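Q: Take a look at the letters that make up each chain.
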Amino acid sequence: MLSLLKEVLYAPYSVVKGLIITIIHLFRPKVTLQYPDERWDLPENYRGIPSLPIDPKTGTDKCIACGACARICPEQIITVESETGEDKKRKLTEFKIDASRCMWCGLCVEVCPPGALVMSKEYELATDSREGMVYDREDMHRHGGTFAEESEESEESEESEESEESKESKESDPTDRTDNNLTEGAKAES
Amino acid sequence: MDSGFIITVAKMVGVAAVILTFILIVVMYPMIYGLRRVMAFMQSRIGPNRVGPQGLLQTPADALKLLHKEDIIPRGADRWIFTIAPILVFVPAYLVYVVIPFGKDLVASDLNIGIVYVSAVTSIAIIGIVMAGWASNNKWSLLGAFRAAAQLVSYEVPLVLAFCVPIVLAGTLSLQSIVIEQAGDVRNWFVFRAWGLGALAFGIYLAAGLAEANLTPFDIMEAESELVAGFNVEYSGMKFALFFLAEFAAAFTLSALAVTLFFGGWQAPFSFLAYPVFGIKVPETLTLLGRTVPFAAWTEHAVQFAWFFGKSLAMVFALIWVRATLPRVRVDQLMNLAWKVLIPIGLVNLVLAGFYVALK
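If you're matching them up, the sequences are chains A and B in order.
Going by our numbering, the first sequence opens with residue 1392, and the numbers climb by one from there.
Going by our numbering, the second sequence opens with residue 6, and the numbers climb by one from there.
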């Protein structure tokens, strides 16, 4: 009897409590991000399409055409074409990645010896054809932007640290990171 | 047929069109816009804000879109019933406004059986809904129609029981007389009278009315997650718009009736807020465009209408508030609430209200 009375009284209590919560939210700041006008501030380790950022010192990418990325790629979607120059050094002639089959695993970025491949922050990759999903070297320059101007050593150490970090975070729950991203963006928005 | 009859009919159609347009613009528009915006705010969203300033033109844009959509009738549907059903749902929703007093003289027809008329007319919509569900020849819409029939028929009972309390307190069935009975200030409103019996009746009315108007938490007949959209799955274009508008009209009717029966209708909450507001007098007559008009009477009407409409909009806000808060109930919970909770409480409430009137 008493428990029934408790239950009966709980119903209006919970309804009123819910109503109070909604009326509070009426005056709270809105969380909507008006997408094409406003954008998320993407976190440092965001994984967009792999790209080849321009090194400001040389004016081109850092790729040495070793082909490690093409070999490690689980989907075999990276094509590296090179020729041996007069100074007997390999020179990159074409670099292609088929983003339609890319799964953004980041192995190519991890394996890249000079740290030329970087996961970019590009995510608007919609096209109207399969051919449009194949990015060549120039597209990858465009996606990557430029490396920040820093001294060689510090950048390398940073790179190695970063790759280790990404390894660690890969082992941990990946959804955790996306949640962090969202809260970060929301913070930046408000 | 003589020409006088035709002219009379044409005049009536014209007046009806003007009134319907008026209701659509003045009543429906703020309600649809308010629903979308306020509910969005309560859910920490922005809501429509692209078409026009603050999204104000979103509703006209949607209406325009629906107007020039193709009018699809499914191949297996019963064409005639399919076409008549939205009209049968739409018309009763607006017929209620015939007896609702918007002001002292602003009532289309003050029937002496006003409330009986209201409950009779609102029940017609059920037939339209069942027709729509059956004629669509779609299992989801049929299921929605069955649910609607069960829900609306069972909630009619507590709704009428809640109606009865103001009737007993006022001693009349006419809505206008019920409003006049609540004259004075807030204390005379039925919701605050009779030792809280009025408030209890209002609570029952609100719960049953939410179910009658298919508003969340009682919108199981169009439960999107179970029935796609309920009885109106197969409807598109203007026919869908009729269902949509009928639903909003029903929600506004719910608010307007609540204001009329429990919150003093067009009466101001305090006598100094009624016409003349704060004792500010306006000239008795005014000459406008060469014609003498009774300006004071007009102002009085405007003040009464403003009170009625303001209260109704506050009520609509409460409905939206509830809608944005509560989750949908299950079918069995819905039926339990009607038959095991609302009807017994309503009956006891009515008996107590009778004692209150007898002992007074």
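Quick caveat, the hints were computed from the structure, so don't treat them as lab data.
Check before you lean on any hint, since a few could be wrong.
Claimed, not checked - Computed, partial: chain A to chain B, Cβ under 8 Å: (1) Val1406; (2) Gly1409; (3) Lys1421; (4) Met1524.
Stated by the list, open to error - From chain B, some residues computed to sit far from chain A (all C-beta separations above 10 Å): (5) Gln48; (6) Glu75; (7) Tyr122; (8) Ala329.
Here the structure is a predicted model, which means the values were calculated and not measured.
Positions of the beta carbon are idealized from the N, C-alpha and C atoms, including for glycine.
Q: Each of the hints needs a verdict: does it hold here or not?
A: Hint-by-hint comparison with the structure:
1. Val1406: Since chain B brings a Cβ to about 7 Å from A/Val1406, closer than 8 Å, the hint holds.
2. Gly1409: holds, 4 Å
3. Lys1421: holds, 5 Å
4. Met1524: violated, 31 Å
5. Gln48: Violated, since 7 Å does not exceed 10 Å.
6. Glu75: holds, 27 Å
7. Tyr122: Fine: 32 Å to the nearest Cβ keeps B/Tyr122 off the interface.
8. Ala329: At about 5 Å from chain A, B/Ala329 fails to clear the 10 Å cut-off, so the statement is violated.
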